[in-house]
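Peer 1: Sequences and hints are given; from them, build the entire structure.
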Amino acid sequence: MTSETIAASTASRSANADPSTVAGRDLRLLMIVPGVLVIVGLFVYPFIYGFISSFNPQGENAEWLANYQRFFSEPRLYETVGKTLWLALPVTILNVGLAVPFAFMLRTPSRGQRLLSTLLVIPMTLGTVLVAEGLMLYLAPNGWLNRSLLELGLLGSPLRLLNNYWGVALSLLITGFPFAFMMMLSYTTGIDPTLARAAATLGASPMEQFRRIYLPLLVPGLTITFCLTFVQAFAVFPSAVLLGAPAGATRVISIAAYEMAYEEYNWSMASTVAMVMGATQLVIVGIVLGLRQFSYRGPVVGGKG
Amino acid sequence: MDFIRDTMLPRAWRWFVIACMVFFVINVLLIIISVVVSSFGTGWFTGWLPEQFTPKWYGEAWKEFQLQHVLLVTVEITLAVVAISLGVGVPAAYALARLQFKGKSLIMLLFLVPLMVPPITYGIPLATVLYQTGAGGTMWGVILANLVPSVPFAVLVMTPFIEQIDPRLESAARVFGASSLTTFWRILVPLLMPGILAAGILVLIRTISMFELTFLTAGPDSQTLIVALYYSMFAAGVRAQQSVDAMAVIYMLTTMTGLLIALRFVDPSQLVGRVKSQKV
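Which chain is which? The protein sequence lines are A and B, in order.
Position 29 of the first sequence, counted from 1, bears residue number 28 in numbering that gives the first Met the number 0, the numbering being contiguous throughout.
Position 106 of the second sequence, counted from 1, bears residue number 105 in numbering that gives the first Met the number 0, the numbering being contiguous throughout.
Simulated from the structure, these hints should not be mistaken for lab results.
Note that the coordinates shown come from a computational prediction; the quantities given were computed from them, not determined experimentally.
Take the hints with a grain of salt, since some may be wrong.
[Unchecked claim] Chain B residues, not near chain A, derived (Cβ > 12 Å throughout):
{"hint": "1", "residue": "T53"}
{"hint": "2", "residue": "K55"}
{"hint": "3", "residue": "E63"}
{"hint": "4", "residue": "G133"}
{"hint": "5", "residue": "L190"}
{"hint": "6", "residue": "I195"}
{"hint": "7", "residue": "V237"}
[What the hints assert, rightly or not] Okay, derived cross-link-like pairs now, EDC-like style, lysine to aspartate or glutamate, Cα gap no bigger than 20 Å in a straight line:
{"hint": "8", "chain 1": "A", "residue 1": "K82", "chain 2": "A", "residue 2": "E258"}
{"hint": "9", "chain 1": "B", "residue 1": "K101", "chain 2": "A", "residue 2": "D25"}
{"hint": "10", "chain 1": "B", "residue 1": "K103", "chain 2": "B", "residue 2": "E162"}
{"hint": "11", "chain 1": "B", "residue 1": "K62", "chain 2": "B", "residue 2": "D220"}
{"hint": "12", "chain 1": "B", "residue 1": "K103", "chain 2": "A", "residue 2": "D25"}
[To be verified] Interface residues of chain A toward chain B, partial, derived using beta-carbon atoms under 7 Å:
{"hint": "13", "residue": "M30"}
{"hint": "14", "residue": "G34"}
{"hint": "15", "residue": "F42"}
{"hint": "16", "residue": "V128"}
{"hint": "17", "residue": "L129"}
We put the CB at the ideal spot given by N, CA and C, even for glycine.
Peer 2: Encoded structure:
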């Protein structure tokens, strides 16, 4: 008998006498209750409440779908979906597209990897508001970026990067890329390097190893990283206001939701916008997860099957 | 030819990737440094650097933005969120790591979803509910809102730490007659201290830098530093740009201190959120 089975049998023998067990139920399960209450009360309930209230428009004898009719008939509202997608999708594709080769290159633990992840964590920790503050100075016509490009003779006149699409896109790149990179890094380091070595023994070049071994194994991680990076980018708010054109090209959907709640005080309409926002995210995530069905699924570690 | 394909190209590609990374990091650092430089400058309209340097903006920011009050509120809210998240999250993580029960995967999902949905999406319905109960616009409203991502985050950070502890230690304690509560306090909590510390600091940093939820639920007296910074940036032109920058530097110092402490205990990738918590 190993010590483990002894411990197990002792535990089961004393089960009836154990004060922590009542009617065969482990009372330790109660430890999970406060945590579940917090999430149900502050996340699930408000979501359901918001969903229901989006069908209860404010105002006299309004129809139950009036909020949604308003959203899809006013250009100021429905155009935000397209504008947000036009920001979030290209930036997400770029972020994840860059993160894959970079994480692949740095997959073996080294001092450089640790230093780089530390440096990349900084913009994420500081958050979008501070990055926006920095970009306001850095991207300004007399900021360091334009100044460098002018001095190098690469530009004739300064680039206009603020109060338009580009400022917001750059801020999403700066906060989104580190996130995508760190996620991808945790997936690439999880792939057994002996698989690639086996392929190398059979004559696969590094490029082939990446394409035939790593890439198929990375697809699950890639889809999750894409979804999470996209969802974060789609909810862009402070930088769209501070760096973009909040009345024009970067009037994103979260701005519309905010205005409904805190400027029109139409909470039911604000919930409607939030529901449309959530639904759009779900649709994109659903498409991405659906595409994943066409790829390899299975273990990422080698071994004697 | 094979030499070029197998040795030269991968090597060139490697250097290209490293160059891109260095370029990215340098730009990020320059973005941050420009805030620091501007906060010490008298005026910065042309040239690489401001004409003269002065520390006076920090004094002005301190007075104009009532930073003493704002910092006090930030500390109170953050500490409350950390304490409640740990108090609620550690036991939940223990139950999830140790016990098998019906509906466990549903509960896991319940803790994962709030981390994946962006705060702005659920923040508006949450703020609606909080304002109706009267908690909206108060410190408690801000604390409650911040619990939504913090409790699941504490659970996810704690779970691997709990799994590392040998269950036989608990069995041994029981053999000697310790109750569940005694086992938890005398055996588990001391052994889990590194994990509790890590989770606490990570929740701390995330709460200080949580803009969206605090922004949606805070009233004038319950703004944290990041929200106060946003409002002062939003009202650009009302105050001197440099005193806004000074406030940004103060905010940066608070988060960076937390980050430096955190990096002594945890791997940087943990700061991203441990979505991939299940073992292969």
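Peer 1: Does each hint fit the structure? Answer for all of them.
Peer 2: These are the hints, each one checked on the structure:
With a least beta-carbon separation of about 17 Å from chain A, T53/B lies farther than 12 Å from that chain, consistent with its non-interface assignment. Chain A leaves K55/B outside its interface by the beta-carbon criterion, the shortest separation being 19 Å against a cut-off of 12 Å. No beta-carbon of chain A is positioned within 12 Å of the beta-carbon of E63/B; the least distance is around 16 Å. Its beta-carbon lying about 15 Å from the closest one in chain A, G133/B satisfies the requirement of being farther than 12 Å from that chain.
The claim that L190/B lies off the interface holds: its Cβ sits roughly 16 Å from the closest Cβ of chain A, which is beyond the 12 Å cut-off. In this structure I195/B is separated from chain A by more than 12 Å, as the shortest Cβ-Cβ distance comes to about 15 Å. The Cβ of V237/B lies farther than 12 Å from every Cβ of chain A, with a closest approach of about 14 Å, so its non-interface assignment holds. For the suggested pair K82/A and E258/A, the alpha carbons sit about 16 Å apart, so the restraint of at most 20 Å is met.
Between K101/B and D25/A, the direct Cα distance comes to roughly 12 Å. Compliance with the 20 Å bound is thereby established for this hinted pair. As the CA atoms of K103/B and E162/B are separated by approximately 16 Å, the hinted pair is consistent with the 20 Å bound. A hinted pair counts as satisfied when its Cα atoms are at most 20 Å apart, and K62/B with D220/B qualifies at roughly 16 Å. Our distance criterion of 20 Å between C-alpha atoms is met by K103/B and D25/A, whose separation comes to about 14 Å.
Checking M30/A against chain B: minimum C-beta separation of about 4 Å stays under 7 Å; hint holds. For G34/A, the interface hint holds, since its Cβ comes within 7 Å of a Cβ in chain B; the closest pair sits about 3 Å apart. A least Cβ separation of about 5 Å between F42/A and chain B falls short of the 7 Å threshold, and the interface hint therefore holds. The interface hint given for V128/A is met, as the beta carbon of that residue sits about 5 Å from the closest beta carbon of chain B, less than 7 Å.
Look at L129/A: its Cβ gets to within about 6 Å of chain B, closer than 7 Å, so that hint holds up.
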